[in-house]
Amino acid sequence: MRRNIILFFVILVSFVLQTTFFQVLSFGGISPNLLIIVTASYGFMFDKKYGMVVGFICGFLMDIFYGGVLGFYALVYLYIGAANGAFHQMFYQDDIKLPIALITASDFVYSFVCYVLLFLLRGRFDIGYYFRSTIVPEIVYTVFVTVFLYPCILMLNRSVGDVERGDPKNV
Amino acid sequence: MSPVVKRKRKKISIPSRYLLLLLTCLCVVLMAVTFFTDYSADTVNRIAGYIIVPFQNGVSRVGSWISVRVDELGELREVLQENQELKQQIADLTVENTQLQQDKYELNNLRELYQLDGQYSGYDKIGARIIARDSGNWFHSFTINKGTDDGLATDMNVIAGGGLVGRIVDIGPNWAKVNAIINDDSNVSGMVLASSDILMVTGSLELMENGVIGFEQLIDSKEQVEIGDKVVTSNISDKYLPSILIGYINEINQDSNNITKSGTITPAVDFEHLEEVLVILKTKQQVTD
Numbered sequence: 000m001r002r003n004i005i006l007f008f009v010i011l012v013s014f015v016l017q018t019t020f021f022q023v024l025s026f027g028g029i030s031p032n033l034l035i036i037v038t039a040s041y042g043f044m045f046d047k048k049y050g051m052v053v054g055f056i057c058g059f060l061m062d063i064f065y066g067g068v069l070g071f072y073a074l075v076y077l078y079i080g081a082a083n084g085a086f087h088q089m090f091y092q093d094d095i096k097l098p099i100a101l102i103t104a105s106d107f108v109y110s111f112v113c114y115v116l117l118f119l120l121r122g123r124f125d126i127g128y129y130f131r132s133t134i135v136p137e138i139v140y141t142v143f144v145t146v147f148l149y150p151c152i153l154m155l156n157r158s159v160g161d162v163e164r165g166d167p168k169n170v
Numbered sequence: 000m001s002p003v004v005k006r007k008r009k010k011i012s013i014p015s016r017y018l019l020l021l022l023t024c025l026c027v028v029l030m031a032v033t034f035f036t037d038y039s040a041d042t043v044n045r046i047a048g049y050i051i052v053p054f055q056n057g058v059s060r061v062g063s064w065i066s067v068r069v070d071e072l073g074e075l076r077e078v079l080q081e082n083q084e085l086k087q088q089i090a091d092l093t094v095e096n097t098q099l100q101q102d103k104y105e106l107n108n109l110r111e112l113y114q115l116d117g118q119y120s121g122y123d124k125i126g127a128r129i130i131a132r133d134s135g136n137w138f139h140s141f142t143i144n145k146g147t148d149d150g151l152a153t154d155m156n157v158i159a160g161g162g163l164v165g166r167i168v169d170i171g172p173n174w175a176k177v178n179a180i181i182n183d184d185s186n187v188s189g190m191v192l193a194s195s196d197i198l199m200v201t202g203s204l205e206l207m208e209n210g211v212i213g214f215e216q217l218i219d220s221k222e223q224v225e226i227g228d229k230v231v232t233s234n235i236s237d238k239y240l241p242s243i244l245i246g247y248i249n250e251i252n253q254d255s256n257n258i259t260k261s262g263t264i265t266p267a268v269d270f271e272h273l274e275e276v277l278v279i280l281k282t283k284q285q286v287t288d
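As they're listed, the protein sequences go chains A and B.
Quick note: numbering that gives the first Met the number 0 has the first sequence finishing at residue 170, numbered continuously throughout.
Quick note: numbering that gives the first Met the number 0 has the second sequence finishing at residue 288, numbered continuously throughout.
Derived from the structure by calculation, the hints contain no laboratory data.
By construction, the Cβ of each residue, glycine as well, lies at the ideal position given by its N, Cα and C atoms.
Keep in mind that the hints are not guaranteed to be accurate.
[Unchecked claim] So these bits of chain B aren't anywhere near chain A, every CB distance computed over 10 Å:
id, residue
1, T23
2, K124
3, A131
4, R132
[To be verified] Distance ranges between label pairs, derived from CB positions:
id, chain 1, residue 1, chain 2, residue 2, range
5, A, V112, B, S195, 40 to 46 Å
6, A, P150, B, I226, 38 to 44 Å
7, A, F143, B, P14, 33 to 39 Å
8, B, R110, A, R121, 37 to 43 Å
9, B, S220, A, D125, 42 to 48 Å
10, A, Y128, B, I226, 21 to 27 Å
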């Protein structure tokens, strides 16, 4: 229960910060994707199901406020959350390499899917440009923020004593 | 809660692959519904508005307060130096001003001829503050802090500094989402003021970097349109009120079909530093009715 309350606030704070604070702190119009960090972290910290639900909520929030059709971002985030959940077995709390790698991959997949479905299908073919100007900067910025945000999420959940270790002894 | 109850609860929990399937179906159905019908999730908008918007409001207010203070400190030194330069400029400008005043008479006369005066100053407008921007990096829509409670509705036009910003595409009780005309998925039917040629103004992420928006399908058979010409919203648009300034033509190219022209427009609005906007409280539908 407490985990869910924390989750609610983590999503709320991330969304609010992403749409306000980090829009002011954007470099060249690029701001980090906090919701991906939250979705991915909850995915590999807990399990597939949790990642899915978190992803769905995050995506749905994006849909309500900024989506063209309801459900598009929810679907993308849903699958990213689920995919990250599959790595729960490999997750150790003290290891930061896996989280960073997973979040990088998640953000890349998210950006790429967005490009293909929202831009490529409308005939914007200059993929090199979009890589240079949007996808790569977003990933770099997101990873940079991850370094600070991820330990916070981990700590919040560790203090509840709720993070299940992914080591084989407990499974 | 007794452990027995807890265990019972766990038994009902669905396996993850069914949950994935279920949520996927839900998303697909929602997408289909919102894409093929006019349904907009009113209740969801309402709930989300009450939870999220107050926070966004607060954070953006604090943020803008801080950024103003920081700017003030940084600018103080510049301002002192600027002050001296400006004093010199005043002298030059006074001379120029006299010249311009004469031009103004002429302009007023021409405007009357064109019957453009006060076309959109007559509409009721309401000010709103931008409280949040699109969280992704692909599109440039933003949220303002007024909604249906303040009399706004979807399709209302949003302007700032005399130029067109965009229109409201989604709305809640205390928030509204504005789709900017520089947005990659936005199209506005425009008109070159000088020659009344119709063109299509299309936003583009690629051009946005240079601070311009694209236009296409300009049929200018008489070769009248020139760089610097004013582009306003056309009267055939079904969403935008006529004669709102969009920007000035920046570049014209002949298309390969030799019939139409395309190019870029410098928007009249500074989209990078947009903080407050005006919403025109009339939609095109109401005006034509």
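Cross-check of the supplied hints:
Listed as outside the interface, T23(B) is inconsistent with that label: its C-beta sits roughly 7 Å from the nearest C-beta of chain A, within the 10 Å cut-off. With a least CB separation of 24 Å from chain A, K124(B) remains clear of the 10 Å interface cut-off, as annotated. Not every Cβ of chain A is farther than 10 Å from the Cβ of A131(B); the closest lies at roughly 4 Å, contradicting the non-interface assignment. A beta-carbon of chain A is positioned within 10 Å of the beta-carbon of R132(B); the least distance is around 4 Å.
In this structure, V112(A) and S195(B) meet the distance hint of 40 to 46 Å, their C-beta atoms being roughly 43 Å apart. Range check, P150(A) to I226(B): about 54 Å between beta-carbon atoms, so the 38 to 44 Å window is missed. Distance hint check for F143(A) and P14(B): the Cβ-Cβ separation is about 37 Å, which falls inside the suggested range of 33 to 39 Å. The hinted range of 37 to 43 Å is satisfied by R110(B) and R121(A), whose Cβ atoms lie roughly 39 Å apart.
For S220(B) and D125(A), the Cβ-Cβ distance of about 31 Å falls outside the hinted range of 42 to 48 Å, so the restraint is violated. Judged by the Cβ atoms, the range 21 to 27 Å given for Y128(A) and I226(B) holds: they are separated by roughly 25 Å.
The structure shown violates the earlier hints numbered 1, 3, 4, 6 and 9.
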